[in-house]
Amino acid sequence: MSTFSAIGEDVERDRNEYTPGLEPQPTWCPGCGDFGVLKALKGAAAELGLSPEEMLVCTGIGCSGKLNSYFESYGFHTIHGRSLPIARAAKLANPGLTVVAAGGDGDGYGIGGNHFAHSARENHDMTYIVFNNEIFGLTKGQTSPTSPKGHKSKTQPHGSAKDPIRPLSQSLTAGASYIARTAAVNPNQAKDIIVEAIEHDGFSHIDFLTQCPTWNKDAKQYVPYIDINDSDDYEFDRTDRSEASEMMYETETVLHEGTVLTGRYYVDEERPSYTQEKQAIGEMPDEPLAERYFDDDYEWERVYDTFLDRHK
Amino acid sequence: MTTDELIWRIAGGSGDGIASTSQNFAKALMRSGLHVFTHRHYPSRIRGGHTYTEVRVSADPIRSRGDGYNFLLALGDSFARNPKEGAYYGNEEVKPLAENLDDLRDGGVIVYDSGLLDTDDIPDFDERVEEHGWHVYDIDLRSIAREHGREVMRNTAGVAVTCAIAGIEPQAIKSLMDDTMPEKVFEPNMSVFDDAYDVVTEEYDADAPDVSVPTGSHDEEQVLISGSDAIAYGALDEGCRFIAGYPMTPWTEVFTIMSQNLPEVGGISEQVEDEIAAAALAIGASHAGVKAMSGSSGGGFALMSEPLGLAEMTETPVVLIEAMRAGPSTGMPTKTEQGDLEHVLYTSQGDSHRVVFAPADAEEAYRQTRRAFRIAYEYQLPSIILYDQKNGGELQNVPASVFDEEPNPDLGSVLTEAELADAPHDASGKFNRFQYDVEGDVSPRSIPGQEGGRYLATGNEHMPAGHISEDPENRVNQVNRRMSKMDTIRKELDGDDGERNFHYGPADADYGIMTFGSQQGTAAEAVDTLNEAGESVKLLGVSELAPYPVDEVAGFIESVEEVLVVEMNASAQFRGLTQKELGRFGEKLSSLLKYNGNPFEPGEIVEGFRTSIVEDGTLPGHETKFVPAAGD
Numbered sequence: 001m002s003t004f005s006a007i008g009e010d011v012e013r014d015r016n017e018y019t020p021g022l023e024p025q026p027t028w029c030p031g032c033g034d035f036g037v038l039k040a041l042k043g044a045a046a047e048l049g050l051s052p053e054e055m056l057v058c059t060g061i062g063c064s065g066k067l068n069s070y071f072e073s074y075g076f077h078t079i080h081g082r083s084l085p086i087a088r089a090a091k092l093a094n095p096g097l098t099v100v101a102a103g104g105d106g107d108g109y110g111i112g113g114n115h116f117a118h119s120a121r122e123n124h125d126m127t128y129i130v131f132n133n134e135i136f137g138l139t140k141g142q143t144s145p146t147s148p149k150g151h152k153s154k155t156q157p158h159g160s161a162k163d164p165i166r167p168l169s170q171s172l173t174a175g176a177s178y179i180a181r182t183a184a185v186n187p188n189q190a191k192d193i194i195v196e197a198i199e200h201d202g203f204s205h206i207d208f209l210t211q212c213p214t215w216n217k218d219a220k221q222y223v224p225y226i227d228i229n230d231s232d233d234y235e236f237d238r239t240d241r242s243e244a245s246e247m248m249y250e251t252e253t254v255l256h257e258g259t260v261l262t263g264r265y266y267v268d269e270e271r272p273s274y275t276q277e278k279q280a281i282g283e284m285p286d287e288p289l290a291e292r293y294f295d296d297d298y299e300w301e302r303v304y305d306t307f308l309d310r311h312k
Numbered sequence: 001m002t003t004d005e006l007i008w009r010i011a012g013g014s015g016d017g018i019a020s021t022s023q024n025f026a027k028a029l030m031r032s033g034l035h036v037f038t039h040r041h042y043p044s045r046i047r048g049g050h051t052y053t054e055v056r057v058s059a060d061p062i063r064s065r066g067d068g069y070n071f072l073l074a075l076g077d078s079f080a081r082n083p084k085e086g087a088y089y090g091n092e093e094v095k096p097l098a099e100n101l102d103d104l105r106d107g108g109v110i111v112y113d114s115g116l117l118d119t120d121d122i123p124d125f126d127e128r129v130e131e132h133g134w135h136v137y138d139i140d141l142r143s144i145a146r147e148h149g150r151e152v153m154r155n156t157a158g159v160a161v162t163c164a165i166a167g168i169e170p171q172a173i174k175s176l177m178d179d180t181m182p183e184k185v186f187e188p189n190m191s192v193f194d195d196a197y198d199v200v201t202e203e204y205d206a207d208a209p210d211v212s213v214p215t216g217s218h219d220e221e222q223v224l225i226s227g228s229d230a231i232a233y234g235a236l237d238e239g240c241r242f243i244a245g246y247p248m249t250p251w252t253e254v255f256t257i258m259s260q261n262l263p264e265v266g267g268i269s270e271q272v273e274d275e276i277a278a279a280a281l282a283i284g285a286s287h288a289g290v291k292a293m294s295g296s297s298g299g300g301f302a303l304m305s306e307p308l309g310l311a312e313m314t315e316t317p318v319v320l321i322e323a324m325r326a327g328p329s330t331g332m333p334t335k336t337e338q339g340d341l342e343h344v345l346y347t348s349q350g351d352s353h354r355v356v357f358a359p360a361d362a363e364e365a366y367r368q369t370r371r372a373f374r375i376a377y378e379y380q381l382p383s384i385i386l387y388d389q390k391n392g393g394e395l396q397n398v399p400a401s402v403f404d405e406e407p408n409p410d411l412g413s414v415l416t417e418a419e420l421a422d423a424p425h426d427a428s429g430k431f432n433r434f435q436y437d438v439e440g441d442v443s444p445r446s447i448p449g450q451e452g453g454r455y456l457a458t459g460n461e462h463m464p465a466g467h468i469s470e471d472p473e474n475r476v477n478q479v480n481r482r483m484s485k486m487d488t489i490r491k492e493l494d495g496d497d498g499e500r501n502f503h504y505g506p507a508d509a510d511y512g513i514m515t516f517g518s519q520q521g522t523a524a525e526a527v528d529t530l531n532e533a534g535e536s537v538k539l540l541g542v543s544e545l546a547p548y549p550v551d552e553v554a555g556f557i558e559s560v561e562e563v564l565v566v567e568m569n570a571s572a573q574f575r576g577l578t579q580k581e582l583g584r585f586g587e588k589l590s591s592l593l594k595y596n597g598n599p600f601e602p603g604e605i606v607e608g609f610r611t612s613i614v615e616d617g618t619l620p621g622h623e624t625k626f627v628p629a630a631g632d
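Note that the protein sequences, when read in sequence, are chains A and B.
Each residue of the first sequence is one higher than the last, beginning at 1 in our numbering.
Each residue of the second sequence is one higher than the last, beginning at 1 in our numbering.
Next up, chain B with everything else stripped away, as it sits in the complex:
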């Protein structure tokens, strides 16, 4: 077992406190100067069922969950249902141990709660332990927890055992528990911790494995943040004070964070009857002069197709969030996928248009959410943040200074009443809110209640003051004006150098890897591994999808011999978008796809690149090559 990094997996039953325990563990290690990155895996049920969280710890910055893991803490599922013989979902009682063995690296450590788990129920357990050189600690965590507190505290016992084995200074964990627990809970937890810690040091000292956690330090203050946190905070800093939503996994996280924080800053959160209403409320609030957002996951976003088009036609700014999970239909509610790309790009009728961002990590999520609001309000159209279950739930350390930004309450192109008095009106006294002969093609708007600003907003085609009209000349003028805003936005996003997305690896590399959204960090680690092994590869991670960065992507593809496009869906949607937008290069692109519900690990991209590019580099790109993923 290497000592330069620890990937600690805590497994148990859903509802057993796996998420909170791992979060505290990660935060304690971050405080001690390390870089951390977590990965969640959970079932679609309330209590019970196999769940785990990985915490990867390193002295150097980390971009992904890594390959496999090397330390298992198997707690047992306290809600396991004692299934009948031959139940299709298997023996749930032993899953926290049995389900996790495939990914455990050779030489790794297994700690399991012998109070709840019996290795006799796991076929070939002893043989596998011997074959892989695993170090096994069977400790009755449940009894230790019961003795000093309550059974639920076996989490604490497990963390203590981890500290003892991996050489983690207990004080970091203890002080964090002190911060987060009420005193009457904290005291018994400390007793449980000390007792469990002593069991290891007293009984297992002799055959301690070579495992220790690295030491590190941060140059500046860090915060432990998920993608969902970052999206919510980006919205708040951009002056968003209204959210409407309906719960759906995994979007619920952003909705929850916003709902809990908005009252503190005088904002409004509304949980409403369905997703059509949710998006419509966001539009209504925005129309009335408030920065507003809504969102959902695939199925709920499908319902938003209708209000999305209304926002485009009425030029009402709004930000919508789409948190992807495996589809189609309800798919796999708690498993990740990038299969909603085309759904988000093309949903809604007519020549519709919207801006789409796909942040790769928490830092990008914060910045891009702010940009999404700014563009939505400046250009009066919908912006969409497309992310997925993976980066929504991953926790990672981010410098606190990333959030040290000024708030922006600017509503964009809204006139004051004084300006409205001088603005063009039609003969009926209505404000020409949809003027088509305006600079930049953005016609300034008014807010209901403003003197001199009354107009009709309508989803029908309309004249400058909003009167419904099917006049052909006006129609063409209005369509041209609305569509041309996308060109302006493209120029703004491209900036001066045209490099608006994530470029990584040697600029003169022979081959390329392209990906979008949440797979960017994983692909970057794969690129490192490949280049260290003598290949010549660079990465383009696209996280601004519409308007598409045509020139930037074309330049990247032109500069290499072949490109492997990596994405988490079965129909190569991102590669298809690239070919559609560029209109060429089809023969240079091939696909690496994964759609089993789990994100790529860096090693899978390395393997996919070797199979597809190195060993068979001459195959025409239009044939999608799929490298099946093993295990998770």
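If we strip away everything but chain A, and leave its shape as in the complex, we get:
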């Protein structure tokens, strides 16, 4: 029997199984969009029948970083912007785990921007949810990388002179193989997208629009949205890189002018995941590395026998 018997369990599950028994009172403000992410993640995990113990949810710092405090699974609340490198390595060490990383727009697109680009480039098989509320929340309302140009805050009293980050376009350029945008105000779409993202064999990036009722009442999350995949007005081939790119560009340009478009923007089912690439070139074992440490029959190579001849 596997050492990690929680992995691969196929049981029907209820979303309440992911609610901690000793439910900590979330520190999110009433009306916060983060509740929507939590709800969607629980729904997705239940639909997929995932055991709480086969999931590892890695978060960064900020309001989004509390996600795994309120979601029952293995969790690693890391440091600002660093959820991805920790999540990546856990997946490499044990590919059987379902690994979800999460962070905020400051965490994910600002301080962790480098890790975002490289994790997407490598196409690690994991899901990355970025809580995008266009503001720094937990540090009390500073301008974030996704705040619109001209956004005023205590640290940008004259309004931001910077164009906001284009997370979807960046993700596509970096190499993510599943890219979607969803919103806390549409929990059913959000849940479906998380299900697809977890099932997708590669790096899945979800830009998750979450409203901040305390610090950013003007944000786009409050305006009506349209699901591009359900609307005849926005027909495009989401497996086609250039059509997806055009769609993203349009979305990220007109975003603040009324309508918010959500849905799946890009899906590449052909590209092998990083694990598959590493295994193909012989740089990663076929069996989960972590299993080996529990296998009493495994014969560990000694340097004396394996490598010392070259020094003689």
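Because the hints were derived from the structure by calculation, they are not lab data.
These figures come from a predicted structure and were not determined experimentally.
Fair warning: there could be bad hints in the mix.
Claimed, not checked - Over the 12 Å line for every Cβ pair with chain B, so calculated as not near, a few chain A residues:
#, residue
1, 150
2, 152
3, 159
4, 241
5, 253
Claimed, not checked - Below 25 Å or equal to it, Euclidean Cα-Cα: the simulated SDA-like pairs (lysine to any residue) are:
#, chain 1, residue 1, chain 2, residue 2
6, A, 162, A, 110
7, A, 39, B, 401
8, B, 184, A, 309
9, A, 278, B, 266
10, A, 312, B, 399
11, B, 184, A, 311
12, A, 140, B, 349
13, A, 312, B, 60
14, A, 312, B, 259
15, A, 312, B, 169
16, A, 312, B, 264
17, A, 217, A, 233
18, A, 278, B, 256
19, B, 174, A, 308
20, A, 39, A, 49
21, A, 312, B, 401
22, A, 312, B, 178
23, B, 174, A, 310
24, A, 152, A, 217
Backbone N, C-alpha and C fix where the C-beta goes; we use that ideal spot for every residue, glycine too.
With the hints as your guide, set chain B onto chain A.
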């Protein structure tokens, strides 16, 4: 020129094959029963620029590069740039010869490639040769190489000339070249070798200098190993199967060796976007149940400060390597220093704690790396191996039996699923992974995917199951538990006799020398020289720095009148650590510091001891005495 030892320096341009040639030379001599020790000097550029490697050869065990050298093979820099008149970096073409004359002992031998080097370009060359009694061989190595193969084979020609002059049996070198070269390269190299060898025996026989290589034999099989090799092998034998890193000199060597070897044993190596990611990956892999490591040199390790603290707070085992080079900032990338001691001890916020080892040589590097992993995994905290460019790159012969040890895949205090079923959980069903009322203060952990083991690891202060908490009572309990692990580790490292570090010289000596890490062997040779000259000195080489061996060091200092603390940095960091940890003895300590980018030679420590202790023994110790180093 004495015949009991040869210190052979091969000099040329970076990229001219100096390192590989010297490595083969050293290995051939080791195979013939001698003890060897190499020292590298190279510039921070890809091709061209003055580089040399010394190979010290002796019938007896050697602990350092020695003082100066006595045989120069100057090959010429094939990448030299013909600098403009007055260029600040000087005439690079002649550097392989001109730059090396200061350290050449009287009566020594100079072989230079007259095909590439012209002594007319070196001021006062003939006068200096006469003054020091050097024996000069101007041989057109380049032409010999061209005639039978390619110009690059002038290395082989130079080695052949060395053999002919120093009386080294050519077969040892030839058989090694046979082992390492493909046949179509080997054949022309042999022709070059024979031709160059004959030039010396036929044309220079008459005025042969009194130079020969000693003979020796080993009781047991030896291997030629660098500190970087030893660290990598210690990690592999301790079951490390995951490394993440970013290249930085000189840490890159360990990273490279691991990356090349890991696939062979089913391990994973990841070169990632930066050092923050590198350390974070090691933490992530360790969290998921694999023995993992990362590392860097000073600048990259600065970036690891943040994940280092996370490993402490989440009690995730991890081993980090810090290969020091001259700083601050990017400093001198290819030059050695011991200036990152405080950086490694104190970096990261809060009451942080980690175990730090500073191996002195390859053998210690292997053993201490294994110990670093064992302690990291048993006690769930970061261990750091602190070494430097010097011992990372030095090759020396080590008995193969040192590596004849069983592998250790034990993850330390990890529970099985059966044990987890009986382990304490909180009311939410979470495993109490951070229990504070546990024996030894190490709370056992679980691995993601294990049934019954789910918990939250977090860099915030947390309750036993990982819930974030600012409860004052829990806070104090958790801090106390984490900190007290260091006391347990101190007791374990101290052992029964409390002598965990390197003691050398007469136990009842009047004076002491203390050093840490890579300077230990050099200091030991200095102690030998001083005692032979009638002084009364002993050495304590500290290579386990945190938790600090308080009782052992206090006992050493108490037993002598004065102590000279030898280290390669300008701010006396090791002496400062000693005074901080001991809280007394400041007046008994004085410092000998070197920070010009090159390690101490034994003679410099001898000279420093005489200046500081013998000639002026009553000066208060808190005044740092610096003996400037001459030349290199």
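Against the structure, the hints:
The non-interface label for residue 150 of chain A is consistent with chain B: the shortest C-beta to C-beta separation is roughly 32 Å, beyond 12 Å. With a closest Cβ-Cβ approach of about 31 Å to chain B, residue 152 of chain A is found to remain outside the 12 Å limit, as its non-interface label requires. Residue 159 of chain A, annotated as away from the interface, keeps every beta carbon of chain B farther than 12 Å; the closest lies near 31 Å. At roughly 23 Å, the least C-beta separation between residue 241 of chain A and chain B is larger than 12 Å, which holds for a residue marked as non-interface.
Listed as outside the interface, residue 253 of chain A is consistent with that label: its C-beta sits roughly 29 Å from the nearest C-beta of chain B, beyond the 12 Å cut-off. For the hint linking residue 162 of chain A to residue 110 of chain A, the alpha-carbon distance of about 13 Å falls within 25 Å, and the restraint holds. This hinted pair does not check out: residue 39 of chain A and residue 401 of chain B have alpha carbons roughly 59 Å apart, beyond 25 Å. Taking the CA atoms of residue 184 of chain B and residue 309 of chain A, the gap is about 23 Å. The hint holds against a cut of 25 Å.
Our distance criterion of 25 Å between C-alpha atoms is met by residue 278 of chain A and residue 266 of chain B, whose separation comes to about 11 Å. Between residue 312 of chain A and residue 399 of chain B the CA atoms are separated by roughly 10 Å; this keeps the pair inside 25 Å, and the hint holds. Using a Cα cut-off of 25 Å, the hinted pair residue 184 of chain B and residue 311 of chain A holds, with the two alpha carbons roughly 23 Å apart. A distance of roughly 23 Å separates the Cα atoms of residue 140 of chain A and residue 349 of chain B; the hinted pair therefore holds under the 25 Å criterion.
Using a Cα cut-off of 25 Å, the hinted pair residue 312 of chain A and residue 60 of chain B holds, with the two alpha carbons roughly 19 Å apart. Between the alpha carbons of residue 312 of chain A and residue 259 of chain B the distance comes to roughly 21 Å, so the proposed pair stays at or under 25 Å and holds. The hinted pair formed by residue 312 of chain A and residue 169 of chain B meets the criterion: a straight-line CA distance of about 19 Å does not exceed 25 Å. With a C-alpha separation of about 19 Å, the suggested pair residue 312 of chain A and residue 264 of chain B falls inside the 25 Å cut-off, and the hint holds.
A threshold of 25 Å between alpha carbons decides the hint, and for residue 217 of chain A with residue 233 of chain A the separation of about 29 Å lies outside it, so the pair is violated. Between residue 278 of chain A and residue 256 of chain B, the direct Cα distance comes to roughly 17 Å. Compliance with the 25 Å bound is thereby established for this hinted pair. The hinted pair formed by residue 174 of chain B and residue 308 of chain A meets the criterion: a straight-line CA distance of about 21 Å does not exceed 25 Å. Simply put, residue 39 of chain A and residue 49 of chain A have alpha-carbon atoms about 15 Å apart, close enough for the 25 Å limit, and the pair holds.
A C-alpha spacing of about 12 Å is found between residue 312 of chain A and residue 401 of chain B, which places the hinted pair at or below 25 Å, so the restraint holds. With a C-alpha separation of about 14 Å, the suggested pairing of residue 312 of chain A with residue 178 of chain B holds against the 25 Å cut-off. With a C-alpha separation of about 17 Å, the suggested pairing of residue 174 of chain B with residue 310 of chain A holds against the 25 Å cut-off. Taking the CA atoms of residue 152 of chain A and residue 217 of chain A, the gap is near 12 Å; set against the 25 Å cutoff, the hint holds.
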